[in-house]
Every structure is written in structure tokens, then in C-alpha cells.
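Visitor: Take a look at the letters that make up each chain.
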Amino acid sequence: MREIAFRDALNEALAEEMERDESVFLMGEEVANYNGAYKVSKGLLDKFGPRRVVDTPIVELGFAGIGVGAAMGGLKPVIEMMTFNFAILALDQIVNHAAKLRYMSNGQLSCPLVMRGAAGAGGSLASQHSQSLEQQYAHIPGLKVMMPATPYDAKGMLKTAIRDPDPVIFIESEVMYGMNGEVPEEEYLIEMGKGDIKREGADCTIVTWSRAVHWSLQAAEIAAEQGIDVEVIDLRTVRPFDKEIIAESVKKTNRVIVVEEAWPMASVGASVAEWIGRELFDWLDAPVGRVHQRDIPMPYAYNLEPLSLPSAEKIAEAVKKACYR
Amino acid sequence: MAQTKAKDDEASQQAAPQVEALNLELAAQVREELGDERLVAMLRDMLLLRRFEEYAGRAYQRRKIKGFCHLYIGQEAVGVGSMAALTDADKIVSHYREHGHALARGMDPNAVMAELFGKATGCTGGKGGSMHLFDAEKGFLGGWGIVGGQIALAGGVAFSQKYRDEDAACLCFLGDGAVHQGIVHETLNMASLWDLPLITIVENNRYAMGTSIERVAAVTELAKKSEPYNIVGETVDGQDIFAVYDAIKRARKRAVEEGRPTWLDVLTYRYRGHSMTDPAPYRTKEEVEEEQDLRDPIARMSNWMVSEGILTEDKVGELDDEVTQISKDAMAFADESDFPDPSVLTEDVYVEWPWDIE
Ligand SMILES: Cc1ncc(C[n+]2csc(CCOP(=O)(O)OP(=O)(O)O)c2C)c(N)n1
Numbered sequence: 001m002r003e004i005a006f007r008d009a010l011n012e013a014l015a016e017e018m019e020r021d022e023s024v025f026l027m028g029e030e031v032a033n034y035n036g037a038y039k040v041s042k043g044l045l046d047k048f049g050p051r052r053v054v055d056t057p058i059v060e061l062g063f064a065g066i067g068v069g070a071a072m073g074g075l076k077p078v079i080e081m082m083t084f085n086f087a088i089l090a091l092d093q094i095v096n097h098a099a100k101l102r103y104m105s106n107g108q109l110s111c112p113l114v115m116r117g118a119a120g121a122g123g124s125l126a127s128q129h130s131q132s133l134e135q136q137y138a139h140i141p142g143l144k145v146m147m148p149a150t151p152y153d154a155k156g157m158l159k160t161a162i163r164d165p166d167p168v169i170f171i172e173s174e175v176m177y178g179m180n181g182e183v184p185e186e187e188y189l190i191e192m193g194k195g196d197i198k199r200e201g202a203d204c205t206i207v208t209w210s211r212a213v214h215w216s217l218q219a220a221e222i223a224a225e226q227g228i229d230v231e232v233i234d235l236r237t238v239r240p241f242d243k244e245i246i247a248e249s250v251k252k253t254n255r256v257i258v259v260e261e262a263w264p265m266a267s268v269g270a271s272v273a274e275w276i277g278r279e280l281f282d283w284l285d286a287p288v289g290r291v292h293q294r295d296i297p298m299p300y301a302y303n304l305e306p307l308s309l310p311s312a313e314k315i316a317e318a319v320k321k322a323c324y325r
Numbered sequence: 001m002a003q004t005k006a007k008d009d010e011a012s013q014q015a016a017p018q019v020e021a022l023n024l025e026l027a028a029q030v031r032e033e034l035g036d037e038r039l040v041a042m043l044r045d046m047l048l049l050r051r052f053e054e055y056a057g058r059a060y061q062r063r064k065i066k067g068f069c070h071l072y073i074g075q076e077a078v079g080v081g082s083m084a085a086l087t088d089a090d091k092i093v094s095h096y097r098e099h100g101h102a103l104a105r106g107m108d109p110n111a112v113m114a115e116l117f118g119k120a121t122g123c124t125g126g127k128g129g130s131m132h133l134f135d136a137e138k139g140f141l142g143g144w145g146i147v148g149g150q151i152a153l154a155g156g157v158a159f160s161q162k163y164r165d166e167d168a169a170c171l172c173f174l175g176d177g178a179v180h181q182g183i184v185h186e187t188l189n190m191a192s193l194w195d196l197p198l199i200t201i202v203e204n205n206r207y208a209m210g211t212s213i214e215r216v217a218a219v220t221e222l223a224k225k226s227e228p229y230n231i232v233g234e235t236v237d238g239q240d241i242f243a244v245y246d247a248i249k250r251a252r253k254r255a256v257e258e259g260r261p262t263w264l265d266v267l268t269y270r271y272r273g274h275s276m277t278d279p280a281p282y283r284t285k286e287e288v289e290e291e292q293d294l295r296d297p298i299a300r301m302s303n304w305m306v307s308e309g310i311l312t313e314d315k316v317g318e319l320d321d322e323v324t325q326i327s328k329d330a331m332a333f334a335d336e337s338d339f340p341d342p343s344v345l346t347e348d349v350y351v352e353w354p355w356d357i358e
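Chains as they are written, first to last, in UniProt numbering: chain A, 1 to 325; chain B, 1 to 358.
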């Protein structure tokens, strides 16, 4: 099968959905003329014109709100946030308006909006540009949160997000844009809320998503050298998260580590671990393990950044601990 | 035929572009006020900013500097001219394109370069990097990375200055792209309502990343943005260091004596891309060359100083050599310094969760 980059898979998803549905449009800073800060929207202005690929001023709150209103007006906006660090400015429109629209209108209105963009750490961008903030959205009833880890998933998931009737927060790890992977030419969709087994194993389950999937797969290799057979589950959607796939795996392995790039306090990982601890208690042979970012703002210094993040080695260590090795 | 010939003549006459003159009256007035020695120091500072950043650019290419690195080259008159009009008591709040502001404020070039290198000897010990330089002692309260967000901080600093009845103002740097953020307008309204000594400089280099001002501003005369808030707004030639100095000096007086804020649209130009990774294909080579050839702030000031007999060309060369050496030394200092010790990771923050695996 052909291999394309993560950013190109997203680009194809956008182009296909815009072609399919005239009401889908893309809006954000530098998405049109500049072809996107991370080149995800490359060529879309040429293909669809300035009516459907719209450059905005640097006003995240404003254009997020315009997006919500456009959805109320019957369109399907895809709002690009250059990075989710800047989406914090738009949080009011997303949390207080978009998320509530269907419920408060008693189903009269819906908000089929996708807010997507880059997140996470990498390349020494320092504290204000290195944050994994999925928890902010996963916390909110009315929002769905998707975080793909491969080009294949990225394309199928973004298409699903665009077709979803509710606001979907679609978070792309900044360091993954250049990553290549197999993507078929034929159309396919990936179901909302469906996880994926990225590696099968019998001794210990790792539950994770986004960039941390790749650290976890490396960790599984390290563990294999030590005779531990690790299963890696990629949740793909973190709200709603796939409870069945976790349950099935944990019933098989009886041990589980939850790995996330984000901070540990009140995080998605904390909720997933809590659910596992409660619902699968009888199946567990060890406490639910966790690996996460250090509980600090990200420092710039490039010797410190990696120390602040999860790594294959740290995950492998947690696996060993869960296996009492 | 005749017409064509006339055109040819014109073209040959135009071969060597003439650097535009400064506002001569203003230049003479500032000279009178500050004295020649201060002017020489200001020219030297502009040269330092430029050479320092040229070296920083090279260090970035050698991957000694990482992350985002936004060079200030072309905008030196704004940083140096404005700092020259402030006192030690004043404070500065800036954004991510702040290397020049930091140096112009007198921060140690070694500490600034070491910060860009992520070293323990940097001005924030390696924690902030290029976008987040700080020197509280020098009243330099940060480079901030969220476009527009810093203006509220500056408003708050000005609030504290008024609260304690200080003889001081707070200067905030902003890009033209930041002007449309809601926080800018919320802050201007409060600054006016509460008579805060806030001076805002919009460094209007005409582009926000790849987007020209015409494409995002319903009103491109940014000075007008302060009108609805009853704040004095002025347009300033940002490539004329004396025009910048003069505008800030008057703004400071207004801030300290009347407690009134000021909003300045300072017209300038960045020679390089938005950041080190931006080749800037969205503007023409001709446009950039015209700015560099006709309105370079360093050439404009040094030309005038030489013509006034304040300096000789040789002396300008000596100043240049001196600041080039300072920049080189800063590189060496940064290179030889140690990376921060991992123990600093959990310093300066309350840590709820001291481990990373469990
Ligand atoms: C809130 C926010 N949105 C977007 C960005 C990404 N970004 C960084 S700089 C920039 C352009 C800003 O341009 P301008 O304010 O004109 O300043 P200049 O770079 O020209 O000095 C953008 C969009 C950001 N840092 N913060």
C-alpha cells in the first residue's frame, strides 16, 4: 500500500469531505494563502477557493465563535487552531456555547463543528507552546475528543469527525506531522469511540493514545527483550473512550499501564485508570500503573525537555513494575 | 524614442538607491537634548542588536538554538529608540520577538545568548528560551508567546505603578497581528478608564507570519484603534530612531504626569522570515530590498551622524567591530556554559505529583 505523511492524510480527509459536502469549510490563521502553519491545508485554497478556505486574523475566540454560529446557520466548520495552546483563548466559545447547543435547545439545534490542530511537546518550544490539554475538552459533556496516532487513523478519524453531528475536538501531535504510514486510496471511516490494538500481547496491557502510542510500542520492544509480552491499545478517541477493548485486553493480561503525554493531575489518564481500577478490579493482578509528563511547565533547555516527558524506557520500567519483575 | 531615452537616463540615475533622510529637525533636537555621546551609544546598541542576531541565526542553523527563534533584524530603531526614552524605574513587557528589546534594555548579551542555547547561565537558567527572556532587576518582565496576551500583563504592571504612585510607566510591545485580539481592546478600555501609565508600541512590520496587514485589518491605520477608548494614538516612523525616541518620551511624560495611556503604531519592517524556519515566500524580494536599501534604521542614523560630523565612517566601523566581538564572545560563553542540572526541573513550581511513573 502507498505510504503518506500524517499531515497529507489529514489533507486528504479535508479535501474529500469538502468535495463530498458543500457545507464543509476550513477556517483559521494562515490556512489559506500560507497553506497552513504545518502545511495540513496545502493546496486547499487552490482547490476550493477563498469562500471555503478562510484566513482569519489572530483572534481565536472570535473565529471559534464564528464557527459555532456558522454551525447554527447550517454549515459544517472545520476550525484550525494553529496549536491547542492558542485554543485556550477560544475555550469560552467551545465550552460555554458549542458544547451546550444541542442540549440547551432541546435538540432543535446541533453544532457539527470540528476544532483541530497541533498539540504536545517537542523541539524545545518551552512552556507556553508544549502542552497536552485534551483533558480540558474531555471534561466537558457535549464534546467529543479524537487523537489519532497514525496517518491511517488520522484520515479515517478526521472524516468521521467532520460527519459527526456534535462538536469534535481533534488533536494532532505536533511532532507526528511528518510521520509516514500506509493509507489506502479507497474511502474508509473509523468509528467514533473505537480503539485499536496496535500490538497484541499476553502479559501486560498498555492503554494510550496519540504520540504516546509510539513510545509505548518502543517500550513493548524493550519489554519483549525481558520476556514480557505487551499489548498496546490505542484508544484513538479519548471521549468517549473504548471500554470494551480495554476490558477484553485486561481480562487477558491482568495487568495494565495507562500512558499519556499530558500532566497527571485530573487527566484523561486519571479517569481511564480510575475506571479500570473500579470496573476491572477482579481481573487485576497489580495496581493500575501510570506514566505521564512531569507535573511541571515545560522547560526550554533541550536537555531538560526529554526528562519531562514519558519515554519508552520509563514505560518499560512501569511495565516491569506492574509485572513485579 | 525620445521618451525611451529619457527613461533610460532616469534608470541610470536611480542605479544607486539613496537612503532616506531622517527627520532632520527632530534629529537636531534630540542631539541637543541627549548630547553626542548618547547618540553614539544608541547607534552602537542598534549595531549590537543586529550583529547579535546574525550570530544567533547562525547558531540556530548549527542547531545550538532550538525551538522557535524570531529575529528582530530590521526593527532595531524601535527597540533602541524606545528604551533610550525610559528610566530604570520603568518596566517592559514584550512578546516572543524580544531579543532586541532585551539587549536594548541593557540585559547582558552573554546571559541572553546562553538562554537561547538553553544553558544554566542564561537569563532564566535555560527554562525560558528564545521566546521567554526575563530580567526582573532590569525591569524586563518577559517575552511572552501567546499573541496579544501580554498587553493585559502590562496593563496590570501599570496598575501597580499607579497604585503605588510611582514615577514610572510600563511599555508594552505588540505586533500588528496582535492588535485584533479581544484582550488588547479589553485592556485599552481599562487603561483609559483607570488612567494607567501604559505605553503600547505596535511594531507594525506589516506581516503576521504570512499574512499582510491589509488582509486582516478592517482598518489598517492602527493608530485609530485607540480612538474609541479615548487614548492618544500616533503613527510613528519606526525606522527613524529619533522619531521613536521622541514619541516614547512624550508618551512617558503623559503617563507619569497625567496618568494617561498612549498607543503608538510604529511602522517598521522585519528583514527575515517570521521565524528561522519561514522562507517568507509571501512577500517580494523587491519589497524587502527596498526596505533594506532605503530605510534601514542603522544606515539612516549612521549616515546622518557622519554627515553631521558626530562620527567618522571609520568610527562606525570600530563600533561595529566592537559589537561583533561582543556577539562572538556571547556565543563562546553560551557554548562553553553547562546545561541546567536536572534537579531544576521541579524548582519554582509547586509539584503535586513528584514522580512520572507509578
Ligand atoms: C494566541 C496565539 N495565536 C497564534 C499564535 C501563533 N503565532 C505566533 S506569532 C504569530 C504572528 C504574529 O504576528 P505579529 O503580531 O504581527 O508580530 P510579528 O511576528 O510580526 O512581530 C502567530 C499567528 C500565537 N503565538 N498565539
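No lab work stands behind these hints, which were simulated from the structure alone.
Misleading hints may appear alongside valid ones.
Claimed, not checked - List time: in silico DSS-like cross-link candidates among lysine-lysine, alpha-carbon distance up to 27 Å:
1. B:Lys249 / B:Lys224
2. B:Lys285 / A:Lys39
3. A:Lys194 / A:Lys159
4. B:Lys224 / B:Lys162
5. A:Lys194 / A:Lys243
6. B:Lys253 / B:Lys138
7. A:Lys42 / B:Lys285
8. A:Lys39 / B:Lys64
9. A:Lys320 / A:Lys251
Stated by the list, open to error - Partner residues aside, some chain A positions facing chain B, computed with beta carbon under 10 Å:
10. Tyr34
11. Ile222
12. Met265
13. Ser308
14. Ala312
15. Lys321
Keep in mind it's a predicted model, so treat the numbers as computed, not measured.
No residue lacks a Cβ here, since even glycine has one placed at the ideal position from N, Cα and C.
Visitor: It remains to establish, for every hint, whether it holds in the given structure.
Guide: Going down the list of hints, with the structure as the test:
1. B:Lys249 / B:Lys224: Holds. B:Lys249 to B:Lys224 sits at ~20 Å (cutoff 27 Å).
2. B:Lys285 / A:Lys39: holds, 23 Å
3. A:Lys194 / A:Lys159: holds, 14 Å
4. B:Lys224 / B:Lys162: Roughly 26 Å separates the two Cα atoms, so the pair holds.
5. A:Lys194 / A:Lys243: Since the Cα atoms of A:Lys194 and A:Lys243 sit roughly 9 Å apart, the hinted pair holds (cutoff 27 Å).
6. B:Lys253 / B:Lys138: Distance of about 20 Å is within 27 Å: holds.
7. A:Lys42 / B:Lys285: holds, 23 Å
8. A:Lys39 / B:Lys64: holds, 26 Å
9. A:Lys320 / A:Lys251: Between A:Lys320 and A:Lys251 the Cα gap is close to 19 Å, so the pair holds against 27 Å.
10. Tyr34: holds, 4 Å
11. Ile222: Given a least distance of 14 Å, the restraint on A:Ile222 is violated.
12. Met265: OK, holds: A:Met265 within 10 Å of chain B, min 5 Å.
13. Ser308: A:Ser308 check passes; min Cβ-Cβ to chain B is 6 Å, inside 10 Å.
14. Ala312: violated, 12 Å
15. Lys321: With a closest approach of 7 Å, the A:Lys321 hint holds.
Consistency with the previously given hints fails for numbers 11 and 14, ordered from lowest to highest.
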